[in-house]
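**Student:** If you want the building blocks of each chain, they are given just below.
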Amino acid sequence: MSGEQIDEISGVSTTGHEWDGIRELNNPLPRWWVVTFYVTIVWAIGYTIAYPAWPLLHSATKGVLGYSSRNEVKNELTAAEAAKGKYVAAVESKTVSEIAADDALREFAVAAGGAAFKVNCVQCHGSGAQGSAGFPNLNDDDWLWGGKTGQIQQTITHGIRFATDPDTRLSEMPAFGDIITADQIAQVSAYVASLSGKVKDASLIEPGAKVFAENCVACHGDNAKGNKEFGAPDLTDAIWLYGSGETAIAAQVRAPKHGVMPAWIGRLGETKVKELAVYVHSLGGGE
Amino acid sequence: MHVLDKTQIEAVAVHSAKTRQPLYAPRKKIFPKRASGSFRRFKWLVMAITLGIYYLTPWLRWDRGPFAPDQAVLVDLANRRFYFFFIEIWPQEFYYVAGLLVMAGVGLFLVTSTVGRAWCGYTCPQTVWVDLFLVVERAIEGDRNARMKLDAGPWTARKLSLRVSKHAIWLVIGAATGGAWIFYFADAPTLAGELLTGTAAPVAYITVAVLTATTYTLGGLMREQVCTYMCPWPRIQAAMLDESSLTVTYNDWRGEPRSRHAKTVQAAGQPVGDCVDCNACVAVCPMGIDIRDGQQLECITCALCIDACDGVMDKLGRERGLISYATLSDYNANMMLATAGGSGLVNPSLVRTADGQFSDKVAHFHIRKIFRPRTYVYMGLWSLIGLGLLYSLLTRDRLEVNVLHDRNPQFVTLSDGSIRNGYTVKLLNMIPEPRTIVVTMQGLQGAEMSVVGDDIPAGRSFAIPVEPDRLKMLKVFVRQPADQIRGTAQTFKFRVEDKASFEADEYTATFNAPETAK
Chain A
1 MSGEQIDEIS GVSTTGHEWD GIRELNNPLP RWWVVTFYVT IVWAIGYTIA
51 YPAWPLLHSA TKGVLGYSSR NEVKNELTAA EAAKGKYVAA VESKTVSEIA
101 ADDALREFAV AAGGAAFKVN CVQCHGSGAQ GSAGFPNLND DDWLWGGKTG
151 QIQQTITHGI RFATDPDTRL SEMPAFGDII TADQIAQVSA YVASLSGKVK
201 DASLIEPGAK VFAENCVACH GDNAKGNKEF GAPDLTDAIW LYGSGETAIA
251 AQVRAPKHGV MPAWIGRLGE TKVKELAVYV HSLGGGE
Chain B
1 MHVLDKTQIE AVAVHSAKTR QPLYAPRKKI FPKRASGSFR RFKWLVMAIT
51 LGIYYLTPWL RWDRGPFAPD QAVLVDLANR RFYFFFIEIW PQEFYYVAGL
101 LVMAGVGLFL VTSTVGRAWC GYTCPQTVWV DLFLVVERAI EGDRNARMKL
151 DAGPWTARKL SLRVSKHAIW LVIGAATGGA WIFYFADAPT LAGELLTGTA
201 APVAYITVAV LTATTYTLGG LMREQVCTYM CPWPRIQAAM LDESSLTVTY
251 NDWRGEPRSR HAKTVQAAGQ PVGDCVDCNA CVAVCPMGID IRDGQQLECI
301 TCALCIDACD GVMDKLGRER GLISYATLSD YNANMMLATA GGSGLVNPSL
351 VRTADGQFSD KVAHFHIRKI FRPRTYVYMG LWSLIGLGLL YSLLTRDRLE
401 VNVLHDRNPQ FVTLSDGSIR NGYTVKLLNM IPEPRTIVVT MQGLQGAEMS
451 VVGDDIPAGR SFAIPVEPDR LKMLKVFVRQ PADQIRGTAQ TFKFRVEDKA
501 SFEADEYTAT FNAPETAK
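Those protein sequence lines, which keep their order, are chains A and B.
Residue numbering for the first sequence is 1 to 287, as defined by the UniProt record's numbering.
Residue numbering for the second sequence is 1 to 518, as defined by the UniProt record's numbering.
Chain B on its own, in the form it takes in the complex (with noise of 0.2 angstroms):
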């Protein structure tokens, strides 16, 4: 040891090589083991439920009448019309769409404040596909174990005719995802007649190439890894959840202090819990978490490590839910129960009884807590938006009239002194049925219309046939005689009605003309 010189500094550098973190580093395998239970099963059924309607919707007929697609749920880019059962929607009714987009957003809000990531957990696209995914490799690799020591051995036939098949079947699968997502642009039955026989247009193939590729990729290998640094819901989840929400939560007030040996731990005195450090969760686990390092960003919540748990407790005698769905009051309630106020280590005793039953004090979940101001506002948001949406939708114009008119010139004096004024009239017949639209004018005295490039005699109304499902563009001039003006810029009414279901719609028009027209 020499002596250090008064100028030395103690510094060590923050990037030393001893304290040199990677910058990135491969991903770790997860092998989740086949769980059961209530939860699995009720994630089977959502599954079936969800996988169902994404691939059967298409095939659904919908009879709309000889002169509309006969498709249930159809987006028809060409046309530009959106079919849904009963539910026609054309461009600029789009806030339809606009509106649901918002009722998911206020609806995942609601589910997230009360029942946590449900979404995540259950519903999310990537979370079944990923699970779909599972079975095929659990049906060809074997379980968690199985498939450990399968990837952890070398390059044998067996093994590479395994992961080949699976593999395979993944991509029939992502294959199956896209061909079904390119059914909701076009007829199901012509595309997939097209596709077969290699008629269909490229960008159906080319879609259908992409989204195998991305269901590939995103279900079969990124997995986990979607939710964990694709997905920004994980993030904004934070914001949703409070202290009444319900998430999957290992409760550490009946299960520290954990141990393998409980009986030998009890022997000797020292308080033990009822977790008893198996591992279950962990095993099941798709994300690849331990639940029992508290809630956190990957987990997912889909309850799979609650079924585990509920397995081996019911082997032990013990009563189910050491992790379980609670909430951030309830568990804190029951830590401070079972830590003394705080003060001390988890003693799981002090939840309990003399005779071993949980004492009256742990809080457990009542339903009550779901009904609180701010899932009553997210209620009542989805609701109002909803109703205003189905009335909007109810009450719908499908017979309108848009107007135009002519800006250069805004007036045209004829020979005989009468004024003309130019407007582009726009019929819209948003019903799949032709329609003969009656086109009267309101006020405006003396004046008559004519129709350019028809054979409609001049006055103040004329009946025009129009297509089904279709805009007619009408330009139609109205003259008004000199002796009839009355001032530079009168208003009146173009009004369109269908007589045989006394639809009708007006809209308001001015008529220009000059200073000196009297």
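Only chain A is shown next, with the shape it has when bound in the complex (with noise of 0.2 angstroms):
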């Protein structure tokens, strides 16, 4: 190889490098490409030093213009509340009645309602709202202290059975296991039972009506619906807390489990409880 080498084909020289008889032909590049190329290394140069980049010892260059994704967000998010601001305030000043009967405001307090619920409500009531055994399901139509907005606003506002609340709404069925014979526990469990459904052994009826009528009707009333003043849920429904059937209904006669609501006020504030309200409201039970 010697001298400048010439592809005959094309006419123009090559690099001398050759693979498999293949030569490189050496076309100089426009120059404004190569400006180009430095013109960028320029604006790199430049851009370390306008924004955050280069990593020092403990942080890192912070950049003449002043930026930082931190800062970004922290624009976003004041944006954002400002841009929510109208409804936050109306919340604030209106009823969960009011609310919830505003089609605008009823959609931000479901919105927010549902964001504050996944957060403070799933661990009970589970992510769908759906409940499971003791802790109620928020969908169906069955209330125990009452599914108007205004009522569940009161539930979530001072728990239910929450000691440390005055306001909490309070009730304790008797255990009457110590009051009442097991016979009549059976038969009491079976009348229960048999206004919803079917029961194996249907002379417990009768005699369970009149276990009913002396110790039951007090709070369940005298035809077992129930009594949303003091959480009394409807014996007559196909919702059972605690479980349904004779066993279950006994055990819960015997020695009654009571779940216990912490009371949200003092921890979410008035605004939020608003919100779930309406939400929990919205889940399709609500009257």
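Please keep in mind that the hints were generated in silico from the structure rather than gathered at the bench.
Everything numeric in this text was worked out from a predicted model, so none of it was measured.
Fair warning: there could be bad hints in the mix.
[What the hints assert, rightly or not] Listed next, the in silico DSS-like pairs over lysine-lysine satisfying Cα-Cα at most 25 angstroms (straight line):
{"hint": "1", "chain 1": "B", "residue 1": "K475", "chain 2": "A", "residue 2": "K118"}
{"hint": "2", "chain 1": "A", "residue 1": "K272", "chain 2": "B", "residue 2": "K315"}
{"hint": "3", "chain 1": "B", "residue 1": "K472", "chain 2": "A", "residue 2": "K84"}
{"hint": "4", "chain 1": "B", "residue 1": "K475", "chain 2": "A", "residue 2": "K148"}
{"hint": "5", "chain 1": "A", "residue 1": "K84", "chain 2": "B", "residue 2": "K475"}
{"hint": "6", "chain 1": "A", "residue 1": "K118", "chain 2": "A", "residue 2": "K148"}
{"hint": "7", "chain 1": "A", "residue 1": "K118", "chain 2": "A", "residue 2": "K86"}
Could you use the hints to bring the two separately framed chains together as a complex?
**Tutor:** This is the structure in structure tokens:
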């Protein structure tokens, strides 16, 4: 190899590099291309001066423009807060039933309440508010303490059987295991079960009704429809917090379980509680 | 001379100063001369049509009634609608645009395999705008020779004023180009008013500024370099052309040996071709190449060299077509003829008979060559996609229902034992007129629907108004009594109907119930 090599076909000089007989042509780049290349380098240096870039021992250079992605997020959050400001103000000043009646406000409250629900309530009530044994399903139309927006707000605000809140919803069913006999418990359980389904031994129903009339009507009512004033459940429907059937009912009569729900007002504040109430009311069972 | 040491190797550095090429080189300016002829006239026509379409389309009106914009072609990004005359496309129907792009691709293959880089030479925006910019340049600075003289000359007041006015007009064209672009995205008359009074959105001004800069730079300053360095199509075209594709070809077989002194050479008994080496083809070339070097990457096949050469041939009284659209197979056949089977140099007398006419053996292009398996396949593919799109467009639904079944919880047991499932029902009214949609349940015995937040009584059917060109989202609860439940997963249909136009759509949904429900 010596002297300038010229590719015969194209008449262009080659670099002298050859692979399997294919030689690399040496077409010079256009000058602007090279200039552009250097401009990008200069731009990159300028960029690292303008924006945070160079790592230091404990931090990094701040950049002369003072840009920071944290500030960016902060500004966006402030803007988002400002954008929903008028809704928040309206939620603050209106009652839950007024909020539920206003389409735009309800939509806002349902979204905000849904978010709060996912943080604070799903631990017991489940992510779909479907509940589980001992924790009520909030989608259905059966409410222990009432399903109107105001009643739901009251429940969330002060909780249920929450000792430190003087206004908490309070009720306690006696443990009838100490009051009536085992036979009577079996009879009353059969009677209660018969109100919404079939029972094994129909002969227990009649004496059971008598036991019920003597011991239970004060809270659950003559017709066993319950009473929302003291959170006494409706015993005629298909919804059972601690399980349906005679065995589950007997267990609850003998030594009742009582759920506790915290009072949320101190933790969430009135606005969030209102939003939660509207959200829970919107799940499909609200009265 | 001293005696070489035995260990000395005879070698030269690959990058020795002697052989080193510069890594970069300044662009060599091109001063295309004005051509005239049939191809030039055709190019003026194409330019007028394409620029006309581009600049005027946003101003066309199309009446769609009071509930939709009246601009014939509008990309409404804010409302996510695309209007094209009688067609309105929602974002989920973007496949129509994708289909058109596929058609454009296959169409490009078809065109290239038959008439070469016709796209590059006639209709590519780069070609059209460079042509337009050259018109301005010629009008202000004169034709090729005047421009070359001006460019080489010193900076006088005249040169300065000519240059300033040329670049100013280029910038105005650039601004008009950028301006026309944004009119496709908003109501043109309104936006034009806003632009002029300074009340348009910043993004409008930024877009105009960016497109002004790119049009000015690509069309005025970069010109042929866009095609040579930046565009991928010249590289791809190599795979598109075959021996039956028409390309702009210099016919060596009748042109060579070229001579400026044909008569002297002829008198000396040497063979002489039709090419008089006048360089007219080189002078008009906007890419700055010599077509006589053969088919090359830079050639956009604008055919201006054909016009230039034909003009010269007419003056000389010879047949047109020394440079012509020809296929490689014809060219090769004629070359074989002219070189006596490829053994000798080109002897143009071999392609002519004694009386100076072309011999019968000279191959000429015939229209039949366009029709070959490859173009049939492209044509078939193109038509199939086109017909498919058309069929789909003519039979598409303008009323749709989409349903999302609540998954959490899947079902809710109510106090009377009945089971409730929740559904998000989306009604799509895809015409620009308000409609009343009737939603009906089919199947799921005994079940009833209720709509959340609406005063619609529970039942198996309800009518609901939907705004023009909008989606209406409903939360629907379906409730089935315990004694009617048949299994844990029953299917039923949501049927939506427009009683006025008889349009309908259905969605098959599932209704879940717990094992315990009978």
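**Student:** Give a verdict on every hint.
**Tutor:** Evaluation of the provided hints:
1. K475(B) - K118(A): holds (20 angstroms)
2. K272(A) - K315(B): Answer violated: K272(A) to K315(B) is near 92 angstroms, above 25 angstroms.
3. K472(B) - K84(A): The hint holds at about 24 angstroms.
4. K475(B) - K148(A): Holds, at roughly 20 angstroms.
5. K84(A) - K475(B): Given that 25 angstroms is the threshold and the Cα spacing comes to 24 angstroms, the pair holds.
6. K118(A) - K148(A): holds (21 angstroms)
7. K118(A) - K86(A): Satisfied, since the Cα-Cα distance of roughly 24 angstroms is no more than 25 angstroms.
When held up to the earlier numbered hints, the structure conflicts with hint 2 and nothing else.
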